[in-house]
Structure formats: structure tokens, C-alpha cells
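Let chain A serve as the given structure and place chain B on it in line with the hints.
Top line first, the protein sequences correspond to chains A and B. The numbers in our numbering rise by one with no breaks, and the one at position 352 of the first sequence is 352. The numbers in our numbering rise by one with no breaks, and the one at position 356 of the second sequence is 356.
It is possible that part of the hints are untrue.
Because identical chains cannot be distinguished in the list, a pair is counted as satisfied if it fits within a single copy or across any two copies.
[Stated by the list, open to error] No more than 25 Å apart at the CA atoms, straight line, and that leaves these computed lysine-lysine pairs for BS3-like:
id, residue 1, residue 2
1, 97, 157
2, 361, 336
3, 361, 311
4, 336, 98
5, 361, 98
6, 97, 336
7, 311, 157
8, 157, 98
9, 311, 97
10, 98, 311
11, 361, 97
12, 336, 157
For the record, the hints were derived by calculation from the structure and aren't laboratory data. Predicted model only: the values in this text are computed from it and were never measured.
Here is what each chain is made of, one letter per residue.
Number of protein chains: 2
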Amino acid sequence: MNINTHEDRLSLSVDLGDRSYPIIIGAGLLDDSQLVQSYLGCEQKFVVTNETVAPLYLQQLQQSIGDASRLAHILPDGEQFKNLASMEQIYSELLAKKCSRDVTLVALGGGVVGDMTGFAAATYQRGVSFIQVPTTLLAQVDSSVGGKTGVNHPGGKNMIGAFYQPRAVLIDTDTLATLPGREFRAGLAEVIKYGLICDQEFLAWLAANMSRLVQRDAAALQFAIHRSCGCKAGVVAADETESGIRAILNFGHTFAHAVETATHYQQWLHGEAVGFGMLVALDFSHRSGFLSAQDFQMGAEVIHAAGLPSKAPASIEGAQQILDFMAVDKKVKQGKLRLVLLRELGGAFVTADFDADLLEKTIQDYL
Amino acid sequence: MNINTHEDRLSLSVDLGDRSYPIIIGAGLLDDSQLVQSYLGCEQKFVVTNETVAPLYLQQLQQSIGDASRLAHILPDGEQFKNLASMEQIYSELLAKKCSRDVTLVALGGGVVGDMTGFAAATYQRGVSFIQVPTTLLAQVDSSVGGKTGVNHPGGKNMIGAFYQPRAVLIDTDTLATLPGREFRAGLAEVIKYGLICDQEFLAWLAANMSRLVQRDAAALQFAIHRSCGCKAGVVAADETESGIRAILNFGHTFAHAVETATHYQQWLHGEAVGFGMLVALDFSHRSGFLSAQDFQMGAEVIHAAGLPSKAPASIEGAQQILDFMAVDKKVKQGKLRLVLLRELGGAFVTADFDADLLEKTIQDYL
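This is chain A alone, in the form it adopts within the complex (with noise of 0.2 Å):
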């Protein structure tokens, strides 16, 4: 790799063969053009980001890819325009700017931006380069790194996709300045679901840090950021297509998209829904039997210090609209159920064997 070594900034690697690649993690990076065109090819870039991020940072990470021709294109902001007719849009408009196989994509923006011109990258003349830099915290920890990309069907969110992963993902942590604040909370969300499912350390940790994070604090940010990427870059380095150990990423998702598709993705962020969805996960592995009532408390707190909800959206009509929602999650295998439950603090397990008047109650005491 031939980048500068920073000492403020932290990178690792996703390890997956030939497919492997670096996320560096740091204040400043959208600047440093020898970074960012480190990894762009010498033939066109094009990035594809939105109306909402292209006024703060387009400009800057053109001057710093160098390319005069600065091709870009900018996707209306929201989940509402992922979907194919997007897609179509920045197809014709890779073809209208003659980009080659050669082209490298850039995603600039949010995990909209970054599932969208991941998929564009998957699909355009059957897969081109592209790299992330993702501008908001659940992105950064999320979505940017393990390769899913894709855009919804009115029949199911993210139904059409493809594992297709980046040549590296560029976190600059200073793009969260501008991230509004109920965005920020929601990005805290997946950052807590690592230390729930796999670092018991980095739980505790953020236990005794959530004000911090909170305040933006920068090195607390970068740190979690780092400790968040490390945890999904294991898991997606065990699992790279989800079909095994990679379902643990989803601790909390099976309750967060049943509140998400009942609320017709209008009531929350992606986020708020997953912070919500572990509280019930958290609680439903306690009432099972499989976790500590302290763990149960202590995951609980942290869940709260972040701002995240902790009561379902009001227009839910009862505990069997979700359970009904949840029945047609993706994870649904050979006709069962599957949930991530944690046996303790760190220790995430899928499991399709529950008491599901059990699940029932509990889902009650979250309405």
C-alpha cells in the first residue's frame, strides 16, 4: 500500500483473499489527495453521491481525486429513491460520459449512496472499482464495509443486490460534523451492536464513553469507529456472503425491519429502529434464559445513554403485526424463523428454537 502513515489515523484490513481491502479511518482524509487517488485507477472516476452531501463535500473530494473531467452524479437524498429507476439513471449516465470497465465508482455519502453505487459498481458492464467514503456514522460502521449493495422493490427493502466489495473505504471522521443530530444517535446504534455481539470490552468501554461519543468527541469517535469496523471486518472475513456467522450483524435488525415495514419506513431511522430492535433482542435473551438480568440492564443502559427509543412507534397496532412482518424477514430459513439472541455480553448465537408466546410478551412490554 502505498499511502502516507498518519500518525492520527488508524486503518485495518478486510481480509478476503484477493478481494481484501483497507479501511482508514481519520480526520482530514477527504484533503489528502495522495490518499484518495492511491486508490483510484489511472483511468475516469465518477463519484455518485446526493443533493444533501454534494454541497459540502463534492467539491473538496474532486480537488483531491484531481481529475479535471470531475464526473459526477447526484441521486435525489433519500431511502425513497433506491430503487431501480435510480439505478437506471446512473447507468445512463456512465454510458453518456463514455466510462469504460477502467472507470472507478466513488460513493460519497450515506448507506443510500453507498448500497446504490456499490450495486451500480456490481452491475455496470458486469463490475467496476469503486470505493467508499462514507459521511455518516451508521455508514462508517456499517454499511460501507462487507461488500452489500443493492437498492429495494416495492415488494421488500434491499431485495435486488449483490456482494460486491470496495477496493477501500475512506472514513473522514470530520464529514460528522454536519451529520443532524438524530442521524448521529441512529449511527450509535450499530456501534452499540458490536460490543453487544462480539466485544464485551468495546461494551464496557462505551458504557463509561457514551457521553463522549455523544458530544462528537473526536478521538472517542475515531476509536469507536476503528473498534466498530474491526468487529464487522471479522465477521464479514468469516461470512463474506451471510451464510453462517454473518447473521449475527443482524442482532436486533429482525424487530427493527417488522417496526420499520409496519411503519412504511416513515416513523424512524434505520438506526433508531435497530437500537429499539436490540432492546427487545436484549430483553427476549434475558427472559429466555440465555443472559444475566445485570448483562440485560447493562446493555439496556447503554442503549438509553445513546437517545435511542425504547418504545415502539404508537401506530403499531400489537405484538402480532410485528411477529407478522417478521415472518417474511430475509433470515426466514426452510419456512422457521431465526433470531440473534445473545448468551452473554459479546456472545451473539441465531437461534430458531424460542418460545414464541414468549417473543409475544415481550414485544408487548416494548408497545
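Here is chain B on its own, set in the frame of chain A:
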């Protein structure tokens, strides 16, 4: 592999590590439920076919699949439906039928059906299994093997797609009985291609046996398909994603694509255009001093014997029009057109170093 071995069947393997898969070639495969089922999971099976092939073979295949739900999607027939709108319909149907990640898609038809089904498999819920059951000669020897999947875009053919390998390719030579003569001859173009680019012995066999092939002699067909798939499998195994040697499979195709584009894909079948393109490429290889007059003549005679066209469509305006369309080919690298040429029968190579005036003159002689 848990299948019956029939003496009258030929098989080979595409060696791609954990993505390796078998190709089985013989008569009556569609009726062999044990064989068919050995490549299907125990979950849902979903056949994609088209309105021409469905009345001929869908019921037969469904019987062998033995799945009472008989899920299928029937596309309209034609290259003009190979687009994202048709993909959207396949996705909708898969979701409507609640197909999970465990579904196996089955492509029953020609190249368009295979390319689209493969792309659906590559992108539905980030990738599900699929098998190829090609029913045209072209699909049997070319598009069903090698994992190229995708759709067209108004801006270019096959511009959206992925490399995604099937779990098996089942080639029932009986299906060729219903193939229209013109389509059959078009398929022969790709068969001849393998002789020209990598198998001199096979080319000699083709020179001696073309009349048997044209009469659809069963044994001759099975041999030719097996030999063709063997050549393709070897090249694909050496270069899955076309970063090098795989480009030789495009012998004749750069000329062919230019003619197809110039005539809006209305005039010739793809194989016919390839036959013509190979003729020009052979001649240009000879005039450039790579290929002997004798070898050029022998190659040209095999192409003629298959009944493939030897003059460009009358609507082509001139050599420059073909050259212009060649300049926007996917094989253009760093602004330079690269051609696949022969230095001997069975020996292809890729070069960007050729005499452009001589090329124009050569094309001129085929108008």
C-alpha cells in the same frame, strides 16, 4: 455428484474453485428427473423461460423438477425484452411467490433467457442458485457456459450485468430438433469459433463433418457441443472475469457488434453476425501477415459450409460506419481498439497494433 452415468452422455467441468460446475450433454436430459433434481436444492424452484420455448419444453421440465407448485415466469421472446423492465417483472414474480434465498432459478431457453435468469440469480436477495438448461445451439455452446449474465441498456448491449456462475449446465441435444434452421446455423458460428481460436484438430473435424452437423446428426452434434464447451470452459477457468485471455472468445465479435449496432440488431441473428465477423477477422489476420493463405481459406470454407453470410448487409453505409461502431466497443482499452486475430488455426491473440488502413480496406471488400 449423485447422478446416473449414462454411456451416451458426455460431461465436463468448468474449474473455478468453489464455483466449479459440471456441463452434462446428451439426449433426453429434460426427462431425467434424477439428474435434474440432483442440481436443485430442496427449497423452491422457479423456472424462467419464454413464450416460444414454454409450449415446447416447460411441462416436460416441470415434471422432472417434480415440484407441485410449478413456479415459472414466461418472458416475451426477443432480444428487445432483455432489459431492466423485464428484470423488474422477474423480481416482482419471485417476491410475489415469496421465494427466499434458498430458491433455485432454472433458465430454460436461449441466450436471452439464460442471461436474464443468471442476472436475476446474481441479484435477487444478493444472489441465489441457478442452473442453465439451454435450448438453442448458440446458448448450449456459448452463453450458458462462463457466467456472463446481464441485460441491455438503451446505451449499449450487455452493459448491465454480472459474472455469476450457474450450479450446472444441462444440455439436452433433443431440444435442437425444434430450432429454426437459421438459428441453428447461427449457433454453428460459435462452434466454428472454438475450432478457429483454440482447437485446430476440431476445426479439421468440422471441415470434414459440417454436412453431418447441418443435418443435425445427433452424435455429431453431441461431439461438437462437448468439444466447444470444453474449449470455452478452459478459457473461462483461466480468466473468469475477462481480464486477459478470455478476450479471445470475442474473435469476430468486434466486427459483429459493429454490424449489429449499425443495423439496430434488426438484420442478422448474433451468430450470423459472428460468422461474418470471423470471416473478416480471418482475412485481416491473413493480410496482416499473421495467417497463411491456406489457413485463411480453410477457415473461410468452414464458415461458408455452415451457410453463414459472407457479405455485410446492404444497408451498411461503408467501411467507416463499421469502424466508427468498432471504436465504442467494450474491448476498447485506454482509448485503443483491440482486435482478436489468428496467427494460426487454433491460435488466437489480442492486439492493438495493426494497420488501420489495411483494416478499412479489408472491411471494404466484404460490403
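Hint check results:
{"no.": "1", "hint": "97 to 157", "verdict": "between (30 Å within a copy, 16 Å between copies)"}
{"no.": "2", "hint": "361 to 336", "verdict": "within (19 Å within a copy, 67 Å between copies)"}
{"no.": "3", "hint": "361 to 311", "verdict": "within (14 Å within a copy, 77 Å between copies)"}
{"no.": "4", "hint": "336 to 98", "verdict": "between (47 Å within a copy, 14 Å between copies)"}
{"no.": "5", "hint": "361 to 98", "verdict": "neither (58 Å within a copy, 28 Å between copies)"}
{"no.": "6", "hint": "97 to 336", "verdict": "between (47 Å within a copy, 17 Å between copies)"}
{"no.": "7", "hint": "311 to 157", "verdict": "within (23 Å within a copy, 51 Å between copies)"}
{"no.": "8", "hint": "157 to 98", "verdict": "between (31 Å within a copy, 14 Å between copies)"}
{"no.": "9", "hint": "311 to 97", "verdict": "neither (49 Å within a copy, 33 Å between copies)"}
{"no.": "10", "hint": "98 to 311", "verdict": "neither (51 Å within a copy, 30 Å between copies)"}
{"no.": "11", "hint": "361 to 97", "verdict": "neither (56 Å within a copy, 31 Å between copies)"}
{"no.": "12", "hint": "336 to 157", "verdict": "within (20 Å within a copy, 41 Å between copies)"}
Violated hints, listed in ascending order, are 5, 9, 10, 11; each of the other numbered hints is respected by the structure.
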